[in-house]
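Engineer: Could you build the full structure based on these sequences and the hints that come with them?
Those protein sequence lines, which keep their order, are chains A and B.
Just so we're aligned, residue 1 is where the first sequence starts under the working numbering, counting upward by one.
Just so we're aligned, residue 1 is where the second sequence starts under the working numbering, counting upward by one.
A hint or two may mislead.
Claimed, not checked - Covered stretches of chain A, going by a simulated chain B footprint (3 or more residues, C-beta under 8 Å):
(1) 197-207
(2) 446-457
Unchecked claim - Simulated pairs of lysine-lysine, DSS-like, Cα-Cα distance not exceeding 27 Å:
(3) B/Lys80 x A/Lys443
(4) A/Lys388 x A/Lys471
(5) A/Lys471 x B/Lys28
(6) B/Lys229 x A/Lys472
(7) B/Lys80 x A/Lys462
(8) B/Lys29 x B/Lys268
(9) B/Lys80 x A/Lys436
(10) A/Lys428 x A/Lys410
(11) A/Lys471 x B/Lys229
(12) B/Lys280 x A/Lys388
(13) A/Lys462 x B/Lys223
(14) B/Lys29 x A/Lys469
(15) B/Lys7 x A/Lys471
(16) A/Lys462 x B/Lys7
(17) B/Lys229 x B/Lys336
(18) A/Lys472 x B/Lys230
(19) A/Lys471 x B/Lys223
(20) A/Lys469 x B/Lys230
(21) B/Lys80 x A/Lys422
(22) A/Lys392 x B/Lys80
(23) B/Lys229 x A/Lys469
Read the hints as simulated data drawn from the structure, not as lab findings.
Built from N, CA and C at the ideal position, the CB exists for glycine as well.
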Amino acid sequence: MTQRFHILLAVLLVCFAAVAFSENRDTCLSCHTDTGGAEAITFRNDIHFQNGVSCADCHGGDPSAEDMEAAMNPAKGFLGKPKPADIPAMCGTCHDDMRQDFEKGIHGTGLKNNSKGPQCVSCHGIHNILPVKNQLSPVSASNITKTCAKCHSSVDYMKQFNPGLPVDQYEKYLTSVHGKRNAEGDVKVATCVSCHSNHMIFAVKDPRSPVSPMKIPSTCSHCHNNSKYMAEYKIPTNQFDDYVKSVHGVALLKNSDLSAPACNSCHGNHGATPPGVESVSSVCGQCHQANTELYDKSVHHVVFQQQSLPGCVVCHSNHLVKPPTDAMIDFHPDSLCGSCHSDQPDDKAAPVIRSMRATLAGLTKGQAEAEQVLNQAEQLGMDVTETKYSLKDVNQSLIEARVKIHSFAKEPVSESAAPGLKVIAQAKEAGHAAIKEYYFRRKGLGVSTLLLTFVVVLLYLKIRQIEQKSKKS
Amino acid sequence: MTGLKSKFTDWIQERFDLSQVTHFVSEKKVPYFRGSFWYYFGGVSLFLFVVQVVTGILLLMYYQPGAQTAFESVHFIISKVQFGWLIRSIHSWSANLMILTVFIHMFSVYFAKAFRKPRELTWYSGFALFGLALAFGFSGYLLPWNTLSYFATKVGTEITAVVPIVGEPIMHLLRAGSDVTTTTLTRFFGLHVAILPAIFTVVLSAHLLLIQVQGISEPESWKEYPPEKKSFIPFFPNFVLKDVLLWLIVLNVLAILAVYYPWELGQKADPFASAPAGIKPEWYFLFMYQSLKYLPAKIWLFDGEVVGVLLFGLAGLLWFFVPFWDERTPKGLRNKIINYIGILAVIFIIAMTILGVK
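Structural biologist: Structure follows, in C-alpha cells:
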C-alpha cells in the first residue's frame, strides 16, 4: 500500500512539473532559436529580455501556443515585423516620455516626413539593446559618436533630409580635444549627445536647441564651469563667468545680438580646440578682419611672435574681452599701452602713442564741441539740421581711426581721422555762422524797427499838421 | 524838384486826362467818428494781401511742388536762400494775420450794418473775398508737405465728404483722387498760385471799385443827424496817410513775429505713418471742427456730422444773404436782432476756437 502510494505521488509530481513547464515556455523564443533565428539568440543578451520583456510584448501574438499559426495569429494581436515609422509608437508603449521627446525633435519630424528617417532602433539596435552605460551599447559614451556618424557622415543618406547640412562632423570631432580623449577611452568628455541632447534634438537654428547661438555658452559651461568635473583636466573653469561679463557675452546674452560670437565661434564646434598662439589673430580676424590685417603688418605681430605671445589676447584678453575705450591708448597703469610702454624719451613707441591718443581725442572732443555749438544755434531757433546730420560722418572717421590703431603707427590713424576733423571744423563754422546770423537778424530787426518807428512818427506828425491846418481853414 | 514834378504831371496830362481822377480824390471824404477806427481793417487786409502776393512770388522762385520736392524746397528756402527764412515766415504770418483782419473787417461791417442798401454788392463781394481767403489758407497750408499740413488736409477734405450727394465728388475733386497724394499737392499748388489769385484779383477789384464809387458807409446813427453834426476827413491825404501809418506798424509787427517766432517747418509728411495725436486744422477752421466734435453721433435719423456740416452751410448762407433778411425785419433802423446774432456768432467762434486750442 505504501509502495503504491509512493508511485502515484511520483506520477502526479511528474504531471504537475510537465504542466508547469509547458505554461512558462516562450514558444516565440524557442521556435526562433530552434530555427536558427539570429534575433532570438541575440535577444537573450538584450536588457529587455533580462528584465522579463518577451517577444510578444513588442510583437504581439500568443507565446504560449505550441502551434505556430496559433502563436502568430493576428487575432491574438500578432504584429509581426513593425514598419520603421511605427517603431517609436511601439517602444513608446513603455518608454512614453522618450517617445514624446523624440517626436518633438528634428529626428521625429524627419521620420514623419520620410520613412527612412531615424527611429529608436537606428541608434539603440534591435534585439540586442544594451544599457547606455554598457560600453558595448551603440549609444554608450564610447560609441555614440560612431552611431551618430552612421547617418551624419553619409552624404547619400543626409541629402534626403537636409542637403545643406555638413557631413564632416565626425571627422572634425576626431580631431578635437573631445574626440581625441574619447578615442582614448575617456567617457567624461563631450560627445554628440552632451551638446545636442539625445531624444529631443533640435536644429541648431531652433532657439530651443542647446546648441543654438544664445544657448551655446551655457551648454559648454555645463562641463567647463564645473571645477569638480574638470579637476582632472587641469584647465581653468572661469571661462563662462568671464565671457558673460565680456563685450561678446553682453552682446549675445544681454542684447540678443546673434552676430556676437559664442564659444564655438572661436574654438570651433565639432573640431573644438583651443586656438594656439599662432592662430589667435586668425580666429579674431574671422570677424575683426580689418584689425587683423593691420595687426599682421604691424611691429607688434613680429615682436609677439618672437616672444610667443598670443596676439590679440595680449591686449584684449581671451574670454573677458572688455569694450575698447580710447583710454586704453595711454601710459597710465590701467591703459593697455602703459602695461608695456612708458612715456620716456628712450621708448620709441611713446610719440606714436601720444599722437594716436591726441588724434582720437581730437575727434571725440571736436565732435562734442561741434554738437554743443549746433545745439546752441538750435536753441536760438536756427535751422542746423543738415549740419547736425553731417556730423554723423565723424563717427565713421572715428571707427576707422580706432581700427587703424592696430597698425600701431600714427600716419594711418591721422589719415582716417582727417575727414572727420574736416567735418567737425565745417560743423563748428556752420554753428557759429548760425549764431552770428541769429544776432544779425535781431540787429536787423532793431534797425528796421527804428527806421519804421521814425517814419511812423514823421507820418503821425504830418497827419497832425494836416489836421491842424484843415481845422484852421 | 517842383519843376520836375510839374513837368511830369504835364507830360501825363497831355496824354491822359487826370483831372477827373484828381478831382475825385480831392473831393472824396471819409466819415470821421468814434468808431471810424474799424474802417482801417479793410485797408490792413488789403496791405496784408499785397504782402502775401509779393512774398508768395518770391517763394515761387524756389518752391517745387511734389511729394519728393515740396518739403525739401521749403527747407532749402529757409536754410540756404538769402533772407528766405524771413520771406517764408512773413508769408505765413501775414496769411494768418490777413484772415484775422478779414474776420474783424467783416464783423465790423456787419455790426455797422454797412451791408445795407445800396452796399449789398460790396457785402457779397467782401463775403466772397473772405471765402477765397480761407481757400487760400487751406490750399497754402498743404504746400510745405509736412506732417501737420498733410494730416490736417486729410481731415479737412474728409469733412466735405459728409455732405449728402455732392460731398464725395467734391472730396475727390479737391484731392484729385481718393486720398491726399502728390497730385493733391500739385492741385492745391495750382489753386494757390493761379486760380485763386486770378479770381481774388477780379473780386477784389470789384470790391474796391464799389467802395470808391459808393463811398465809405456812414454810421447808422448819422441818418438822424443834421449835416453840420456830421464830421468828415479828406480821403487824401488824411485817411490815406493814416492807413499807411497803420500799414507800417503792421509791417513792423510782421517783422517782429518773423524774427522772434519763425514759422516752423516741422517734419516731412509720411503718408504711410499714422496720424499724430491731436491733429487739428488751422485756427480759422477750428471753431467748426470743434463744434462738430460736440455733436452726438446721431441727431434723430441723421448722422451728427452731416447735420453739423449742413448747419454750418446754412449759417454761412444766412450770413451771406444778411442784406435780404435784415431788410425784412420790422424794426428797420435800430435792428437789435442783427446785433444779437452777430454777438452770438463772435462769442461762439471765440469760445469754440479757445476750446479747440486746449
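Engineer: Tell me if the straight-line CA distance from B/Lys229 to B/Lys336 falls inside 27 Å.
Structural biologist: Holds, at roughly 24 Å.
Engineer: With a cut-off of 27 Å on the C-alpha distance, tell me whether A/Lys462 and B/Lys223 pass.
Structural biologist: violated, 32 Å
Engineer: CA of B/Lys29 to CA of A/Lys469, is that 27 Å or under?
Structural biologist: holds, 16 Å
Engineer: Does A/Lys472 lie within 27 Å of B/Lys229 when you go C-alpha to C-alpha?
Structural biologist: Since the Cα atoms of B/Lys229 and A/Lys472 sit roughly 18 Å apart, the hinted pair holds (cutoff 27 Å).
Engineer: Are A/Lys428 and A/Lys410 close enough, with their CA atoms no more than 27 Å apart?
Structural biologist: holds, 25 Å
Engineer: For the pair we were handed, B/Lys80 and A/Lys422, check the Cα-Cα distance against 27 Å.
Structural biologist: Given pair B/Lys80, A/Lys422 holds - Cα atoms ~21 Å apart, limit 27 Å.
Engineer: Hint check: A/Lys388 vs A/Lys471, CA-CA at most 27 Å. Holds or violated?
Structural biologist: At roughly 64 Å apart (the allowed maximum being 27 Å), A/Lys471 and A/Lys388 break the hint.
Engineer: Are three or more residues of the region 197-207 of chain A within 8 Å, CB to CB, of chain B?
Structural biologist: violated (count 0)
Engineer: Holds or violated: A/Lys462 and B/Lys7, Cα atoms, limit 27 Å.
Structural biologist: holds, 26 Å
Engineer: Please verify whether B/Lys80 and A/Lys462 have alpha carbons no more than 27 Å apart.
Structural biologist: violated, 41 Å
Engineer: Given as covered by chain B, does the region 446-457 of chain A meet the bar of three residues or more with CB within less than 8 Å?
Structural biologist: holds (count 6)
Engineer: Verify the proposed pairing of A/Lys471 with B/Lys229, using a straight-line Cα cut of 27 Å.
Structural biologist: With Cα atoms ~15 Å apart, A/Lys471 and B/Lys229 stay inside 27 Å; holds.
The structure is inconsistent with the numbered hints 1, 4, 7, 8, 12, 13 and 15, although it conforms to all the rest.
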